[in-house]
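Chemist: Here is how the chains run, residue by residue.
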Amino acid sequence: MNARNSFDKELERLHMDLIKMGSMTEEAIEQSVHAFTTRDNALAKEIMQGDHQIDDMEKQIETVCLSLILRQQPVAGDLRRITCALKMITDLERIADNAADIAELSLMIRGDHIAEMVQHIPGMASASVDMVHKSIDSFVRSDLDLAESVIAQDDTVDALFCKVKDELCETLRQNRENSDNAIDFLMIAKYLERIADHAVNICEWVLFSETGIHKDKKIM
Amino acid sequence: MIKKTSITEKRKRPLDKLAYFGIFLFAFLVFAMVVLFVVYILYNGIPGLTWEFLTTAPNPIEQTIGILPSIINTGYMILLAILFAVPVGVGGAIYLCEYAKNKRLIRIIEFTTETLSGIPSIIFGVFGYVFFCTLLNLKVSLLSGALTLTIIVLPTIVRTTGEALKAVPNSYREAAQGIGATKWYMIHTVLLPSASRGIITSIILAIGRIVGESAALILVSGGSAMYMPRGNFFEQIMGSGATLSVELYRYAYSRGENGIGFSIAVVLLAISVLLNLLVKLINKKLGTQKAES
Amino acid sequence: MANKIITKDLNLYYGTHHALKDVSIEIKEHCVTGLIGPSGCGKSTFLKTLNRMNDTIPGVRVTGNVLLDDEEVYQNAVDVTQLRKKVGMVFQSPNPFPMSIYDNVAYGLRIHGIKKRIIVDEIVEKSLRGAAIWDEVKDRLKKSALSLSGGQQQRLCIARTLAVQPDVILMDEPTSALDPISTMKIEELMSELKKNYTVVIVTHNMQQAARISDYTAFFLLGELVEYGETSQIFSMPKDKRTEDYITGRFG
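Chains as they are written, first to last, in this note's numbering: chain A, 83 to 302; chain B, 2 to 294; chain C, 3 to 253.
The set of hints was computed from the structure by calculation and includes no laboratory data. It cannot be assumed that every hint is accurate.
Stated by the list, open to error - With a cut-off of at most 27 angstroms between alpha-carbon atoms, the simulated DSSO-like pairs for lysine-lysine come out as follows:
(1) B:K184 <-> C:K140
(2) B:K285 <-> C:K140
(3) C:K118 <-> B:K184
(4) B:K167 <-> B:K184
(5) A:K102 <-> A:K247
(6) B:K102 <-> C:K87
(7) A:K141 <-> C:K240
(8) C:K117 <-> B:K286
Values in this document were obtained by computation on a predicted structure and should not be read as measured data.
Chain A on its own, in the form it takes in the complex (with noise of 0.2 angstroms):
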């Protein structure tokens, strides 16, 4: 007989949760780009709708937590998971609201035409989303190499975001109508860029859960 088996399904719940959490979240920004890209309006108002969903997510995350730290009283690995999931929401939070951020962005947009002259931005979307999916399963497959190679994909969204950047500076040398356009889609590269930060805080607490040690530090 295992002595915590009820404390275990609890744990396991909470990963469920936090999958759960992770796929709404990358769905979002998978939504919001897809919106931006096809124009499509009201796409983007069901995301800025559906944002509070996942805020009551982290809410019920942070509830499951708070309740277990207080009715389990975790020690050692057990402790380190839940503060690694507590963290983890907190960002998947803010990942979330990028994507509404973004779907808001994408309502403001007039003319399409300057849409085919950033084409890296379908690619950072789709390297953020692959960030997001792959530091969740890090934290519920207990995978530091996947958690690394997390860590080290940031880099080449870093790059497209740059490659972004100059090519909106490029259209901007070349045509100052759509200034707005452009200073709307840098700013949606941002957030994309941001969402891949995330992905990385979210990997630096799953290393932090497996090992205690954080961003090179022990904290625990």
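Using the hints provided, position chains B and C relative to the given structure of chain A.
Modeler: Leaving out everything else, chains B and C in the frame of chain A:
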């Protein structure tokens, strides 16, 4: 200031050594005395032990001596006295430990039993003679003797059983009552089995007392065992007769036959040892049965 | 959640000592209710009023009401044996009888007149399974219960209580004599037990109350200071005294 010393520094403690030596000596003395005592009795008693000695009654005409009647008398005495004393004693102890609520009354009864166990047995003999033999008209008989012995051993049984019951953890009582056992159910299913060792000890002590008693019995059940008990069971226990200890007293003291005295002593020793072993065996059986049933 | 036991203005006196003061509480069915408080606060006394285990102590006087399924526990018509069959008790230190494992569990059945071998066998197995100890003892049911470890003995005692099929199980510091692993096993067991029973547990260990109980009651000097959902008591206690006690700043 206490001087700092190394743990390897040996110190001389003469008093410790002396105390150790003294205690060892006393322990050895106790052991030596027992051995000496037993060897002495066996040395003097065994030569007189013959088959005839053990299995016949004394025959004044042929001038032979046998102790079979007194062996039988002793057996009766043990049987009857235990039969009377154990239920009464154990019952009394159960009442005192489990039912009696009045603490003053309990103290008074306990004090009385303690006092009774310290009274010289000859006083019980006088009482038994007046009360059982005369007043109840039971005559000088084995029955009167057994009843008198019952009074003599009761305090021992009550006290020893009482202590055994008190030693049963209170948690057993709580556990039984916590799942709805009535008091009597709890007593006979949990307390008595748990206290069985104590109760059996009290029986051993009682038997020792019965076998060893002489003074009181000379008065109430007769001073000699010349004849085999006669008639049916009731006639036999209504007849008079001496137990082994009384016989020993008679031969050694009245007739100066120390040799016979020693032989009887050997038989008494053997009986005590055998009974002790028997009771221990029963105890062991009880103990294992409890776990298996 | 329905109320299983309700006490109203319950007072208890040991002679002149006022040990419980106007305790009113509603104990929920199929929940674990934890009673916490410093030594001598009356929590064990309160527990024992629920199946009248205090009756055996001389000089005890009880006023107020204890209702079990809306029936008054302290009325003359109550058969204490029947009451304790419904409200079983597990004690502080494991107290199996010096009998076989089987006989320990069957003990309660025999009290209540169940003697048929087939039925007894079945209930013994069910109870041992219910107490999560069947697998450990199934091959040695005839062995003495005293040969078990402390933690196993305590689970055996729980099985012995389960055998009489109670509604409520009272536990008086059931793990205080056990090592941490055995303690965890008993705690784990409790979350199973509450599915079929109502459990009331006294514990000195506040963390334990936090782990296992759904509702927590804090007693101090014979008074019920605060009672509520465990998560509320341990996160936002309403009474300052509760906060001081559970944060270890007591006295």
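Chemist: For each hint, tell me whether it holds in the structure or not.
Modeler: Against the structure, the hints come out as follows:
| no. | hint | result |
| --- | --- | --- |
| 1 | B:K184 <-> C:K140 | 31 angstroms, violated |
| 2 | B:K285 <-> C:K140 | 26 angstroms, holds |
| 3 | C:K118 <-> B:K184 | 23 angstroms, holds |
| 4 | B:K167 <-> B:K184 | 15 angstroms, holds |
| 5 | A:K102 <-> A:K247 | 33 angstroms, violated |
| 6 | B:K102 <-> C:K87 | 26 angstroms, holds |
| 7 | A:K141 <-> C:K240 | 23 angstroms, holds |
| 8 | C:K117 <-> B:K286 | 25 angstroms, holds |
Taken one by one, the earlier hints fail for this structure at numbers 1, 5, listed in ascending order.
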